[in-house]
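**Student:** Given only the sequences and the hints, what does the whole structure look like? Please build it.
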Amino acid sequence: MAKEYGNRQVYFVGGGIASLAGAAYLVRDCDFPGNNIHIIEEMHILGGSNDGAGDVEQGYVIRGGRMLNDEAYENLWELLSTIPSIDHPGQSVREEIIAFDTANPTHSNARLIDRNGEVQDVLSMGFDMSDRLAMGKLIITPEEAMGKARINDWFGPHFFTTNFWYMWATTFAFQPWHSAVEFKRYMLRFMHEFPRIQTLEGVTRTPYNQYDSIILPLQKYLEPHGVDFSLKCTVTDLQFKDCDGITVTGMNVTRMGVEELIEVKEGDLVIVTNGSMTESASLGSMTSAPELNGKGSSWKLWENIAGKKPGLGNPSPFADYVDESKWESFTVTFQDSVFFDLMEKFTRNRAGTGALVTFKDSSWFMSVVLAFQPHFRGQPEHVKVFWGYGLYPDKVGDFVNKRMCDCTGEEIMQELIGHLHFEAHRDEIMATANCIPCMMPYITSQFMPRLGTDRPEVVPDGSTNLAFISQFCEIPDDVVFTEEYSVRAARIAVYTLLGMGRPVEPIHQYHYDVRTLFASFVTSFR
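Each residue of the sequence shown is one higher than the last, beginning at 114 in my numbering.
Hints listed in this document are in silico derivations from the structure and should not be mistaken for laboratory results. For every residue, glycine included, the Cβ atom is placed at its ideal position computed from N, Cα and C. Hints are supplied without guarantee of correctness; some may be wrong.
Unchecked claim - When the alpha-carbon atoms are kept at most 30 Å apart in a straight line, the in silico DSS-like pairs for lysine-lysine are as follows:
#, residue 1, residue 2
1, Lys-261, Lys-250
2, Lys-508, Lys-408
3, Lys-421, Lys-408
4, Lys-354, Lys-408
5, Lys-378, Lys-413
6, Lys-345, Lys-408
Unchecked claim - Cβ-Cβ distance ranges computed for the label pairs, FRET-style:
#, residue 1, residue 2, range
7, Thr-400, Ala-537, 21 to 27 Å
8, Ser-401, Gly-491, 25 to 31 Å
9, Asp-519, Pro-619, 44 to 50 Å
**Tutor:** Here it is in structure tokens:
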């Protein structure tokens with residue numbers, strides 16, 4: 114079958130999970146020659162937002178952690194069921210993850226913490242009747258009628274003080290000013306999680322961070338097929354054929370500071386990651402705060418092409434409101450288990466079996482989570498790593514009189530110790546702590562209020578060779594800020610552009626299941 118493709122080339126712009134998945138679908142399902150697949154990535158490493166890097170001496174860094182769901186990530190799990198595990202010969206990555214998750218099931222015993230450092234009883238969602246009515250109205254209102262409405266346009270002030278909001282907002286990183294349409298999609302897509310949001314039992318964990326557990330196996334799967342990974346190469350613009358349709362004829366790239374034009378010939382395909390949630394991220398240290406950076410290449414590429422042809426979307430609603438899309442995470446590396454021992458006793462969860470621990474009265478709206486150790490390949494046994502984040506980085510702390518965005522790693526640790534009331538152990542905790550803060554200006558840009566036309570379709574109308582596979586393309590009914598969205602987009606793009614006629618795994622419609630609806634109704638009155 115490969116001979117039928119002749120000298121056709123496929124160019125993926127961006128080296129994240131969507132491009133890797135797209136390449137895997139080309140190899141696995143289309144018998145496309147790997148030598149003719151090119152993944153062009155600006156960074157020196159693949160993985161995009163699925164990152165995990167560092168070492169014992171410098172400290173480990175995870176910019177963010179993607180929540181996986183066993184029952185809602187249909188295409189991700191189907192793909193990973195055919196990708197071999199690196200660590201367990203004969204097993205797929207999917208089987209490896211199931212085995213790990215079964216051995217370390219999630220059941221949070223300390224989801225919300227109050228200002229006194231007390232674990233809250235969160236069985237009740239805390240709704241009043243106006244909250245329930247507003248939720249019901251949201252769920253039955255068509256998206257087209259909602260436009261650019263924000264969550265706080267639909268719900269009154271009380272809603273944002275409920276246990277439900279504290280848990281749902283921090284699980285998925287929603288802000289009150291985010292899109293009501295995206296919030297509605299999450300309520301429908303994860304309706305099966307609503308009755309157990311207080312324990313997060315539906316969360317599926319990977320053995321290591323997602324770079325080591327998902328990206329690396331995908332890369333190892335593609336390498337023997339000869340897939341070309343062009344790292345440290347930036348795509349700056351696309352050239353189009355002068356006609357009514359959408360046909361890419363060239364790609365402007367910058368490689369090692371030198372500008373080039375890659376000719377896109379007839380039959381070649383261009384599959385673009387437009388926009389990036391982790392672009393322009395900046396790291397601080399124990400003694401320095403991270404910087405707030407501006408737009409990078411993926412946003413500029415989208416801006417450059419958006420006006421050239423109709424149907425290529427509008428990046429402005431996502432890229433031009435940094436104060437509403439930024440937050441700050443932090444990764445902490447310890448050389449001993451002092452902090453982990455204290456946290457396991459406090460939360461009554463062994464590391465890797467709990468979930469986000471959210472300080473609901475924190476001015477930064479801060480949460481932390483302790484992963485199963487080791488969280489990185491090669492991480493020594495005595496080293497412990499955990500991750501946290503604050504949704505309100507411009508607010509002044511409760512224990513440190515500075516905005517989170519202005520704080521060093523040491524000051525972030527001081528704030529955390531204060532909320533946990535671990536002051537008696539401050540010196541021994543801080544003795545080996547290496548807290549690396551990370552400012553991400555666009556981390557929730559995909560949740561920003563937008564019109565239906567602001568995101569281009571995966572394969573725009575009239576396109577002969579161009580597709581979009583980022584968190585900023587449009588897939589009806591599915592939810593952004595997920596691995597599934599990227600993988601689903603990649604599968605749609607590949608199958609459509611190559612005319613495969615193969616089905617994509619359908620979205621589970623849990624909101625049409627009577628048992629799920631009933632359980633959710635009961636939960637709303639808990």
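**Student:** The structure should be examined with respect to each hint, and the outcome stated for every one.
**Tutor:** Structure-based check of each hint:
no.: 1; hint: Lys-261 - Lys-250; in the structure: 16 Å, holds
no.: 2; hint: Lys-508 - Lys-408; in the structure: 23 Å, holds
no.: 3; hint: Lys-421 - Lys-408; in the structure: 20 Å, holds
no.: 4; hint: Lys-354 - Lys-408; in the structure: 28 Å, holds
no.: 5; hint: Lys-378 - Lys-413; in the structure: 24 Å, holds
no.: 6; hint: Lys-345 - Lys-408; in the structure: 18 Å, holds
no.: 7; hint: Thr-400 - Ala-537: 21 to 27 Å; in the structure: 25 Å, holds
no.: 8; hint: Ser-401 - Gly-491: 25 to 31 Å; in the structure: 27 Å, holds
no.: 9; hint: Asp-519 - Pro-619: 44 to 50 Å; in the structure: 47 Å, holds
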